[in-house]
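> Residue numbers (the UniProt record's numbering), protein chains in the order written: chain X, 1 to 330; chain F, 1 to 330.
Since the hints were derived computationally from the structure, they do not count as laboratory data. Just so you know, even glycine gets a beta-carbon here, dropped at the ideal spot from N, CA and C. Don't take each hint at face value.
To be verified - In the PhoX-like style, the derived pairs of lysine-lysine whose C-alpha atoms are separated by at most 25 Å in a straight line are:
#: 1; chain 1: X; residue 1: 157; chain 2: F; residue 2: 155
#: 2; chain 1: F; residue 1: 92; chain 2: X; residue 2: 222
#: 3; chain 1: F; residue 1: 157; chain 2: X; residue 2: 155
#: 4; chain 1: X; residue 1: 33; chain 2: X; residue 2: 2
Unchecked claim - If we take Cβ atoms under 8 Å as the criterion, some of the chain X residues that face chain F in the derived model are:
#: 5; residue: 97
#: 6; residue: 231
#: 7; residue: 235
#: 8; residue: 239
#: 9; residue: 245
#: 10; residue: 250
#: 11; residue: 251
#: 12; residue: 253
#: 13; residue: 255
#: 14; residue: 259
#: 15; residue: 261
#: 16; residue: 262
#: 17; residue: 268
#: 18; residue: 269
#: 19; residue: 271
#: 20; residue: 276
Here is what each chain is made of, one letter per residue.
Protein chains: 2
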Amino acid sequence: MKAVVHEGKAGFEGLEYTEFLEIQPKVGEVVVKLKTAGLNHRDLFVLNRHQPTDPPLIIGSDGAGVIASVGEGVTTVNVGDEVIINPGLGWKENSDAPPPGFEIVGLPFHGTFAEAVVLPAENVEPKPEYLTWEEAGVLSLAALTAYRALFTRGKVKPGMKVLIPGIGSGVATFLLQFAKAVGTTVYVTSRSEEKCKKALELGADKAIDSNDDWNEALGGEKMDLVIECVGAATFNKSLDQLRPGGTLVTFGASAGDDVQINIRSFFYGQFNLLGSTMGSTEEYKEMLQFIQEHQIKPVVDQMYPLSQFDQGFDRLKAAAQLGKIGFYIG
Amino acid sequence: MKAVVHEGKAGFEGLEYTEFLEIQPKVGEVVVKLKTAGLNHRDLFVLNRHQPTDPPLIIGSDGAGVIASVGEGVTTVNVGDEVIINPGLGWKENSDAPPPGFEIVGLPFHGTFAEAVVLPAENVEPKPEYLTWEEAGVLSLAALTAYRALFTRGKVKPGMKVLIPGIGSGVATFLLQFAKAVGTTVYVTSRSEEKCKKALELGADKAIDSNDDWNEALGGEKMDLVIECVGAATFNKSLDQLRPGGTLVTFGASAGDDVQINIRSFFYGQFNLLGSTMGSTEEYKEMLQFIQEHQIKPVVDQMYPLSQFDQGFDRLKAAAQLGKIGFYIG
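Using the sequences plus the hints, can you model the full thing?
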């Protein structure tokens, strides 16, 4: 089968669209013939974590397709079922952190940028019927991350004021859609005028330029909740925007890992800073139910044939997208 | 009456034990003749916040004494009642942050380092009978701060592993006593061998040198909860000691305000960083009930006559104390 494989060289240099041996399902596993797959920032990090001396690896965490075969003991799905992939391995019930041994599809196990992927049967769920293959393929990792950050960690409630800095990413667009579906007032920031415009079309109540003075641009509005994935570039602006007792959930640091905070202002503000990443199978199922209830569709930015995977990576690296980038496969 | 008054010069220089006009109670207020008062770090901060050009101010937040007179409309207390002072003004019910207008006794309103203080009637509670005047006088601010940090914010539960860096301060000793009363395993740190020894006598399960490698000294034990008031000097060591999904409550920064944290490690750890300060009247009453239930007595480090207030301040500034420093008044 054809697959995007990382081998021999660190980083993007080691990535190739090539022939790869099909893998057979073991007990409890299924083979999914992929229709579509979704690109995530994680796929970039994986290229540095997967070493040139490691065995070749098919990358990719998101995907949707059709069950092609099932291993021994699998009773929950049948050949021909249309499914969406939950990329979390080994984190079943909700808990305050994943258990030891938790992994994500696409490292160290083979991922979804291929004509087929082998997974535990519990990692596939029926594809929501109202979603296209494009939408289903790019949903999982970002929507799950947004769901845990906003609901489990941020404890979002109707009527809250929610700020989402850096509205471009897939997770950010889900955050915007989810937060609006709950009945909050949503403020977003972006350095791109075009992204601000699109965010307003998607339902944001106000979109401001990330480079502006936020407090001024937001008319002094303070936030109940800020969901922050930009990192160092916006972190203190985000903290400054909290109301006393407000909460900042952080789940990303694409613009810098190291932040300096003033602890005294932080505790006088009675602030909450909560880290979040991914989510459990339980949260994945809750998320699927939530999007079906509210008929939420992923914002698909661009789809490319898998053979042109490099174009997708280029667009992600340039942060040119609004929403999700994906690949056509089958 | 005699009082410790701040006037004319910034900082400690402006402080004097001197004659001061007695104040009369207004509607809803009471006059407490003080038996004892307690010294807090706040009394040091106040000396810099109270400007030389401001009217003279009696400082001090903690105290206990006897009701000497009551203003019009006061029905909850009577002359002669033995009372303990709740130093929080204007934060009644529990909430995630104090309401606007919240103040603490001793700035901008006159405080407890005097023969008498005038307060709203709701700011006095019956003195717990099992406490001496010394113990009652030094209790309030530190015990309330510890209570909110540990219970409301830290959500401490029996069986948890709790770390308290810097065991010297009054709040830290309350944290230790409260956490042990709940049924947790408590680890403490101090740079002083003597304080480590005293902490073990007070019930700490393990006491380590703050300068050591904590992970090694604690045998690799990770914590459910760290209650941190040291600030920059220990902050990252505290964060490193959290188990995945663990919580760090911060309510002080005596050793530096500015900390640098790695956001990526923070969100991968699914950590919680929660700011806390003081507490509501509701929490104050809960705290009084809790200490009476568990017969917890403040650790009194040293008592001085109020006229020798400078000796108490010297001891606090040198961080020489374990527990609370207080003053005899009446």
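> Is the interface hint for residue 269 (chain X) satisfied, with its Cβ closer than 8 Å to some Cβ of chain F?
Result: holds, 6 Å to nearest chain F Cβ.
> With a cut-off of 8 Å on the beta carbons, see whether residue 262 (chain X) makes it to chain F.
5 Å, holds
> May I ask you to test the interface hint for residue 251 (chain X) with respect to chain F, counting a Cβ-Cβ separation under 8 Å as satisfied?
With Cβ-Cβ at 5 Å, under 8 Å, it holds.
> Verify the interface restraint on residue 276 (chain X): the C-beta must sit less than 8 Å from at least one C-beta of chain F.
6 Å, holds
> Would the hint on residue 245 (chain X) stand, with a C-beta cut-off of 8 Å toward chain F?
3 Å, holds
> With the threshold set at 25 Å, check whether the alpha-carbon distance from residue 92 (chain F) to residue 222 (chain X) stays at or below it.
Cα-Cα ~23 Å, so holds.
> Within a Cα-Cα threshold of 25 Å, do residue 33 (chain X) and residue 2 (chain X) meet the stated pairing?
12 Å, holds
> Per the CB criterion, is residue 261 (chain X) less than 8 Å away from chain F?
6 Å, holds
> Does residue 155 (chain X) sit within 25 Å of residue 157 (chain F), going by the straight-line distance between their CA atoms?
The hint holds at about 21 Å.
> Interface hint check: residue 231 (chain X), Cβ to nearest Cβ on chain F, cutoff 8 Å. Holds or violated?
6 Å, holds
> Do the numbers back the hint for residue 271 (chain X), that is, is its least Cβ distance to chain F under 8 Å?
5 Å, holds
> Does residue 253 (chain X) pass the interface check with chain F, least Cβ-Cβ distance below 8 Å?
5 Å, holds
Hint violations for this structure: numbers 8, 13, all remaining hints satisfied.
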